[in-house]
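Going down the list, the protein sequences come from chains A and B. Sequential numbering from 1 applies to the first sequence in my numbering. Sequential numbering from 1 applies to the second sequence in my numbering.
These are calculated hints, taken from the structure and not from any lab test. Watch out, some of these pointers could steer you wrong.
Here are the simulated BS3-like cross-link-like pairs (lysine-lysine), alpha carbons at most 30 angstroms apart as the crow flies [what the hints assert, rightly or not]:
1. A:38 to B:161
2. A:20 to B:239
3. A:196 to A:207
4. A:20 to B:150
5. A:20 to B:253
Okay, the calculated bits of chain B under chain A, using three or more residues with CB under 8 angstroms as the criterion [as the list claims (entries may be wrong)]:
6. 141-152
7. 188-199
Cβ coordinates follow ideal geometry from the N, Cα and C atoms, glycine included.
Here are the chains, one letter per residue:
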Amino acid sequence: MVTQTVILNGHIIDSLILAKVLDAIVMLGGRFDLLEVKIGETREVSSHVMIQVKAETSSLLGEIIEAIQPHGATVEIEHDCTVQAAPADGILPDAFYASSHFPTQVRLNGQWIDVDRVEMDLAIVVRQNPLSASMIPMAEVKKGDLIVTGSEGVRVFPLERPHERDVFGFMEAQVSSERPHRHIICDIANRMRKIKQGRETGEPLQKVLLAGGPAIVHAGGREALAWLIDSGYIHVLFCGNALAAHDMEAGIFGTSLGYSLGAGRAVPHGHEHHLRTINRIRGIGSIETAVESGVVHDGIMAACVHRGVNVVMAGTIRDDGPLPGVITDSIHAQTAMRAALPGVGLVLLVASTLHAVATGNLLPATVPTVCVDINPAVPTKLSDRGSFQAVGLVMDSSSFLGELARELGWEDKEGPR
Amino acid sequence: MSRLLMCRPDYFGIEYEINPWMRISNASNPTTCQAQWQALVHVLEEDIGVKVEYIEPVHGLPDLVFTANAGIVARGKAVPSRFRHPERRREEQYFEQWFERHGYEVVRLDPDLYFEGAGDLLGFADVWFGGYRQRSDVRAYTVLTEIFHKEILPLELINPKFYHLDTCFCPLSGGDVLYFPGAFDSYAQTVIEARIESTRRVPVPSVEAERFACNAVCVGRHVVLPTGCPETTKLLEGKGYLPHQLELDEFLKAGGSAKCLTLALD
């Protein structure tokens with residue numbers, strides 16, 4: 001799809017000039033967006049409209065522009081984006097363009113090209129041969145990289161309303177503990193079912209990402225999540241040291257942070273269980289080996305290993321251990337998380353403020369996202385930090401995962417419902 | 001008293017071809033030209049009581065006689081034309097000088113913004129109409145709206161024979177309009193129908209449109225139009241106008257008639 005912005009001024013409404021121009025665009029096979037519309041307040045005052053003309057090919061676009069120019073459509077004067085070389089590794093030029101998480105294009109050598117790796121709060125690096133542009137974190141910049149500066153020659157596209165009419169159709173944060181959850185969970189399940197079917201029928205690969213916190217295990221959502229992973233509904237897991245540690249603690253000791261998951265009571269020396277678990281896995285060398293050797297035989301991490309789920313574990317300051325595989329350098333962790341994002345078509349952020357905000361901020365605004373937390377402050381915070389597209393669900397993570405899994409066919413110990 | 005600007009046809013002739021009416025081989029007769037032009041002046045001055053102002057003819061500028069294309073004049077301001085064809089571009093300086101010498105505030109358009117004066121811009125007290133696509137550029141009307149603070153509705157002209165708005169559209173003093181619908185695209189026809197009620201619209205038959213029935217001068221109830229337009233004459237009489245039919249065929253050879261030969265000054 002190629003585009004060109006044109007401007008139309010004058011008495012364009014009553015004279016039907018605007019109607020004529022828009023009709024011509026459509027009749028010739030193009031499409032349009034009205035970017036700006038200012039109607040003259042009185043009959044004596046001109047109106048002003050900015051139209052973005054879209055066509056499948058540049059020759060069709062040229063044909064359309066040629067057809068509408070005689071009616072006053074004036075091609076907006078456009079300039080290439082400006083670039084400056086990065087002065088040193090990890091340092092951006094002062095006037096660097098700071099990205100948003102919306103689809104973005106830059107104009108290079110007279111043509112608009114899409115910017116890859118859309119993410120908020122990054123810079124844009126331009127490469128020649130072949131001509132390309134992608135967003136780049138500050139830390140990854142190398143001396144001499146050509147970085148886009150200022151805002152000329154950069155355009156950002158508002159989100160188009162998705163075709164599917166479900167809870168994600170409005171792409172706006174809705175946070176309420178008083179809304180019914182069921183229809184939201186049904187919509188999430190439908191999306192997950194479609195993605196799974198798409199993967200099985202060879203459609204372009206889409207992935208479901210879940211970023212979660214240890215409360216999933218404490219609250220009793222472990223079996224449901226393990227089932228979802230085992231059944232092929234989740235393909236990427238972002239978590240920290242704790243989710244993995246408590247999941248395997250539950251597998252080995254039957255406790256979570258020392259509490260018996262069965263009896264719901266603290267067991268003697270239970271508070272040491274997660275440390276002993278971490279120590280055991282460190283001794284074995286990796287979670288994969290622990291699962292393959294049968295030391296860890298069920299739960300979330302075992303399901304991940306069995307299904308080949310891409311797990312990125314990012315460490316934090318007060319981590320015990322940590323477990324082997326936990327990335328303790330936060331910049332390296334960001335890089336590993338970014339590398340797992342291409343193809344992600346649905347994101348579930350469950351019971352973790354830290355991982356929810358971190359993951360949310362790495363995502364383009366186009367990815368449907370759900371944030372589930374018992375505390376309404378978490379989805380609100382996520383929205384405040386810019387990920388306004390996330391649908392907020394205020395509920396217990398165990399209830400959420402249980403309902404979601406049951407919607408997809410899980411039959412838990414209490415029997416089918 | 002109404003004032004009109006005119007130019008003696010001393011150097012009028014068919015010296016180039018810039019519209020479908022012009023054929024160099026179809027030369028005009030200078031004696032007949034003078035007689036037809038004098039008859040027009042006589043009717044305007046003596047029968048209708050118009051004050052005619054004159055611009056000096058210039059050798060080598062055969063179309064200077066078509067003063068409707070000098071520019072547009074309103075409220076003491078004059079915006080001189082910017083001709084599309086180089087053959088007529090040489091007239092611009094003479095018209096500009098005339099406006100300046102006669103005390104008008106001259107407002108100039110960009111040289112490459114085509115606008116052919118009262119030939120393409122006509123209207124009523126509340127709304128003006130601007131012909132475009134053949135000669136004038138539709139963008140000119142956005143600028144003219146700002147200069148005159150008027151609503152100007154552009155109308156697309158689709159027939160090269162009716163290359164100026166004044167060849168197919170003539171607002172009359174009583175709020176009526178003589179016009180030839182076939183000269184306009186469907187959007188323009190819809191605009192005319194939306195802005196001028198049906199009882200005010202006087203469509204002329206195509207055979208008379210091709211005689212330039214719409215290229216008429218209306219002053220009060222008087223309407224001066226070319227001969228050979230009996231149906232139009234009848235329609236005008238039926239609406240209470242006083243038609244004056246004049247032989248102007250020498251000028252039709254260049255694609256002009258009564259209206260093209262005059263410019264309303266106020």
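Results of checking the hints against the structure:
no. : hint           : result
1   : A:38 to B:161  : violated (36 angstroms)
2   : A:20 to B:239  : violated (34 angstroms)
3   : A:196 to A:207 : holds (8 angstroms)
4   : A:20 to B:150  : holds (22 angstroms)
5   : A:20 to B:253  : violated (34 angstroms)
6   : 141-152        : holds (count 8)
7   : 188-199        : holds (count 5)
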